[in-house]
Structure formats: C-alpha cells, structure tokens
Amino acid sequence: MKVAVSGKGGTGKTSISGTLARTLARRGLRVLAIDCDSNPNLATSLGLDEELARSLRSMPKRAFDEGATVSEMLAEYSVSGPDGVHIVLAAKIEQAGAG
Amino acid sequence: MTVVDMEAGLEHLSRSGGTLRYVDQLLVVLEPYAKAVETARRTLLLAQDLGIPRISLLASKVRDSDEMAVVERFCAETGVELIGVIPYDDAVRLADREGTAPIDVSPEAPMVLAVSALADRLEELRSTAVPA
Numbered sequence: 001m002k003v004a005v006s007g008k009g010g011t012g013k014t015s016i017s018g019t020l021a022r023t024l025a026r027r028g029l030r031v032l033a034i035d036c037d038s039n040p041n042l043a044t045s046l047g048l049d050e051e052l053a054r055s056l057r058s059m060p061k062r063a064f065d066e067g068a069t070v071s072e073m074l075a076e077y078s079v080s081g082p083d084g085v086h087i088v089l090a091a092k093i094e095q096a097g098a099g
Numbered sequence: 001m002t003v004v005d006m007e008a009g010l011e012h013l014s015r016s017g018g019t020l021r022y023v024d025q026l027l028v029v030l031e032p033y034a035k036a037v038e039t040a041r042r043t044l045l046l047a048q049d050l051g052i053p054r055i056s057l058l059a060s061k062v063r064d065s066d067e068m069a070v071v072e073r074f075c076a077e078t079g080v081e082l083i084g085v086i087p088y089d090d091a092v093r094l095a096d097r098e099g100t101a102p103i104d105v106s107p108e109a110p111m112v113l114a115v116s117a118l119a120d121r122l123e124e125l126r127s128t129a130v131p132a
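Going down the list, the protein sequences come from chains A and B.
Position one of the first sequence corresponds to residue 1 (my numbering), numbered consecutively onward.
Position one of the second sequence corresponds to residue 1 (my numbering), numbered consecutively onward.
Derived by calculation from the structure, the hints in this document are not laboratory data.
Heads up, a few of these hints could be off.
Distance ranges between label pairs, derived from CB positions [stated by the list, open to error]:
| id | chain 1 | residue 1 | chain 2 | residue 2 | range |
| --- | --- | --- | --- | --- | --- |
| 1 | B | E98 | A | G10 | 31 to 37 Å |
| 2 | A | E66 | B | D66 | 52 to 58 Å |
| 3 | A | R62 | B | D66 | 35 to 41 Å |
| 4 | A | K61 | B | G51 | 19 to 25 Å |
| 5 | A | R54 | B | L50 | 30 to 36 Å |
| 6 | B | R93 | A | A63 | 51 to 57 Å |
| 7 | A | E72 | B | D120 | 16 to 22 Å |
| 8 | B | L50 | A | K61 | 28 to 34 Å |
Some but not every residue of chain B turned toward chain A, in silico, with C-beta under 8 Å [to be verified]:
| id | residue |
| --- | --- |
| 9 | M1 |
| 10 | V23 |
| 11 | L27 |
| 12 | A34 |
| 13 | A36 |
| 14 | A69 |
| 15 | E72 |
| 16 | C75 |
| 17 | P87 |
| 18 | R97 |
| 19 | S106 |
| 20 | V115 |
Quick caveat, the model's predicted, so the values are computed rather than measured.
Where a beta carbon is used, it is the ideal one built from N, C-alpha and C, also for glycine.
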C-alpha cells in the first residue's frame, strides 16, 4: 500500500509522515519512506542521526529512464534508519516505488 | 507499506498526473486556518481528477473545539472522509528544535498517539483493500 501525505507547508506533513513510518515499522511492517520535497527533511522526523541524514543522495530520474529497476535504485540510494525504516530522497521521482 | 512525504503545495498534482498517480491513499493534511484550508480545497480538486483510489482529510495542529469546528465544516462541505485528527502538540516543536523524531523524544505525546490511531486505520484499509 502506498500512502502519500500532501498539504500546505508548515501543516505538519513531515512530522506526521516520519512518525507514521516509524509507527508502522514498529508493528513489523516493511516500510519505505520517500521524501519528495526538494528541500528534504523527512530524515530528521524519522530520527536518523545528522550524519546519516546528510549522506542521503537524491535518486536521479535519469537512472529510471536508463532502465534501472526500483529495487536497484533502492539498493543504491536508500538508507536504513531506526526501526528498520528505509528512506530515500526522490524530489523528482515519478514512481512511488514498490510495496 | 510506502509513505510518501510530498512537496508542500500543489506542483506534484498538476504535473500531468505527477507523482501521485501511483499512490493508493492520499492524505490531505488540513490545518484549520484559512490559507491551509484553501490549499486543501485545491488539492482535493486536483487529486480527484487523478483517479487516486482513496482520498482522505487528515486534520493537523488542532488546538480546540473552535478549530475542530472548522475541520468538520470543511469535511461536510467537501464530503471527504476525515481519517484522523492530529492535535497541536508542543512535543513536535521541541523535537524540531532538537533535530530529532517526535516518537523518540516523546513516545507518549498526544501527536504520536494520534498518528498511531491513524496507523490503525491505514492497516485496516490495507487488509481490506483489493491488491492492485
């Protein structure tokens, strides 16, 4: 199931998304959190430490055009955070990913 | 389960179907003040055109019954389901200030508990949904 969280800036989207991802992961679900903001800060609300958060790179759309699969992209670009939540930055990604 | 934190505003909805084409459930976050209500209204109009299977409103930073009345009026007016109410919570502001996660610094905070209730509801929907 893919859930997207939308709304005006400052309404609490990112805090809600991060807390929701952690909550679901604690219940034993496999959770992928995708930050689609071009000024990403979901990693902080997920509880990643600063160094790990800074190491995240945005997935280039070009790679999909060149035929990379979602799992290849996740293997290369996602980072595992607290409670096993996987996080990826995708400011310009067209596909919300698998799962 | 995939949780997608969208960019603020509407661009992701207007880009020819955009990023949201692939989601099963859209949560439109509604803070009870005029500008956020207007954004939610425009978001709903665009999202309803995209054919997203489920669209729900999620009230956020609700402080009192007057603000809850704003949320309820909007839900009644639009006919869109209210999937949850996240109260205003200083724990979130403190977590932001420290650069940490609300669930780590205040696991029993009202906001965290409200998100847990939202997770219950999403899990329910997930178990009853027909897989795509």
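Here's how the hints hold up against the structure:
no. : hint                          : verdict
1   : E98(B) to G10(A): 31 to 37 Å  : 18 Å, violated
2   : E66(A) to D66(B): 52 to 58 Å  : 53 Å, holds
3   : R62(A) to D66(B): 35 to 41 Å  : 49 Å, violated
4   : K61(A) to G51(B): 19 to 25 Å  : 23 Å, holds
5   : R54(A) to L50(B): 30 to 36 Å  : 34 Å, holds
6   : R93(B) to A63(A): 51 to 57 Å  : 37 Å, violated
7   : E72(A) to D120(B): 16 to 22 Å : 34 Å, violated
8   : L50(B) to K61(A): 28 to 34 Å  : 20 Å, violated
9   : M1                            : 5 Å, holds
10  : V23                           : 4 Å, holds
11  : L27                           : 5 Å, holds
12  : A34                           : 11 Å, violated
13  : A36                           : 5 Å, holds
14  : A69                           : 18 Å, violated
15  : E72                           : 17 Å, violated
16  : C75                           : 15 Å, violated
17  : P87                           : 10 Å, violated
18  : R97                           : 11 Å, violated
19  : S106                          : 10 Å, violated
20  : V115                          : 4 Å, holds
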